[in-house]
Amino acid sequence: MAVRVGGRVRYVGDITADGVLVDYDVLQRAPPHLNRAGIADVLSIHAALVDWKTGFTLGGPAWDETIARRSAALPDRLDAALPAIRDVTEVGMRKLLELFIAETALCLEVGHSRPEEGAEHYLAYCVESIARRSFVHGELVSLCTILIARRGRGMDRTKRFA
Numbered sequence: 141m142a143v144r145v146g147g148r149v150r151y152v153g154d155i156t157a158d159g160v161l162v163d164y165d166v167l168q169r170a171p172p173h174l175n176r177a178g179i180a181d182v183l184s185i186h187a188a189l190v191d192w193k194t195g196f197t198l199g200g201p202a203w204d205e206t207i208a209r210r211s212a213a214l215p216d217r218l219d220a221a222l223p224a225i226r227d228v229t230e231v232g233m234r235k236l237l238e239l240f241i242a243e244t245a246l247c248l249e250v251g252h253s254r255p256e257e258g259a260e261h262y263l264a265y266c267v268e269s270i271a272r273r274s275f276v277h278g279e280l281v282s283l284c285t286i287l288i289a290r291r292g293r294g295m296d297r298t299k300r301f302a
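Quick note, the sequence shown lines up with residues 141 to 302 if you use the numbering used here.
Watch out, some of these pointers could steer you wrong.
[Unchecked claim] Label pairs and their computed distance ranges (CB to CB):
| id | residue 1 | residue 2 | range |
| --- | --- | --- | --- |
| 1 | Ala-170 | Pro-223 | 15 to 25 Å |
| 2 | Gly-199 | Val-231 | 42 to 52 Å |
| 3 | Asp-163 | Ile-270 | 33 to 43 Å |
| 4 | Val-152 | Gly-200 | 13 to 23 Å |
| 5 | Ile-270 | Gly-153 | 22 to 32 Å |
| 6 | Ala-224 | Gly-199 | 37 to 47 Å |
| 7 | Arg-150 | Ala-224 | 29 to 39 Å |
| 8 | Gly-200 | Arg-144 | 33 to 43 Å |
Honestly, the hints are just simulated from the structure, not real lab data.
Idealized CB from N, CA, C, for every residue including glycine.
I would like the entire structure built from these sequences, with the hints used as guidance.
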């Protein structure tokens, strides 16, 4: 489980929820930008999969083609739900929750968070460390996903590790 300790993200323990209870009325009354920011961990899959595969070639966690393929399908499912998520409808919030559950299940199945956490998350953690404050996770990770994706265009991203 990821928690903040001393202003930094740390992974502690191993916990899996037996279920999730959601009050959609309360969720929809939250500031819309917070709900919309929830797309970040699904968007991050784009960059994270590249980093996972690259990391594997450099001795990181084992690459799993099946998990990677199933993970890569989640952003496509997100695309279809974006209008409902933008409007913070119950349907949109249910779709977003379904994507979170699917993403979490894939990470649990493979035994690590590499299908959805790569350079975009690490950049976000660095920004928070340097700034000495936290930000809305989804807003910062979305920005970092865009920055990492743009940095990777037109270049072999493995050169970053050389």
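The hints, checked one at a time:
1. Separation of Ala-170 from Pro-223 is about 19 Å and conforms to the stated range, judged on CB atoms against 15 to 25 Å.
2. Under the hint 42 to 52 Å, the C-beta atoms of Gly-199 and Val-231, about 43 Å apart, fit the expected range.
3. In this structure the supplied range 33 to 43 Å holds for Asp-163 paired with Ile-270, their Cβ-Cβ distance being about 36 Å.
4. In this structure the supplied range 13 to 23 Å holds for Val-152 paired with Gly-200, their Cβ-Cβ distance being about 21 Å.
5. In this structure the supplied range 22 to 32 Å holds for Ile-270 paired with Gly-153, their Cβ-Cβ distance being about 27 Å.
6. The hinted range of 37 to 47 Å is satisfied by Ala-224 and Gly-199, whose Cβ atoms lie roughly 41 Å apart.
7. For the pair Arg-150 and Ala-224, the beta carbons lie near 34 Å from each other, so the given range of 29 to 39 Å is met.
8. Between Gly-200 and Arg-144 the CB atoms are about 24 Å apart, so this pair departs from the stated range of 33 to 43 Å.
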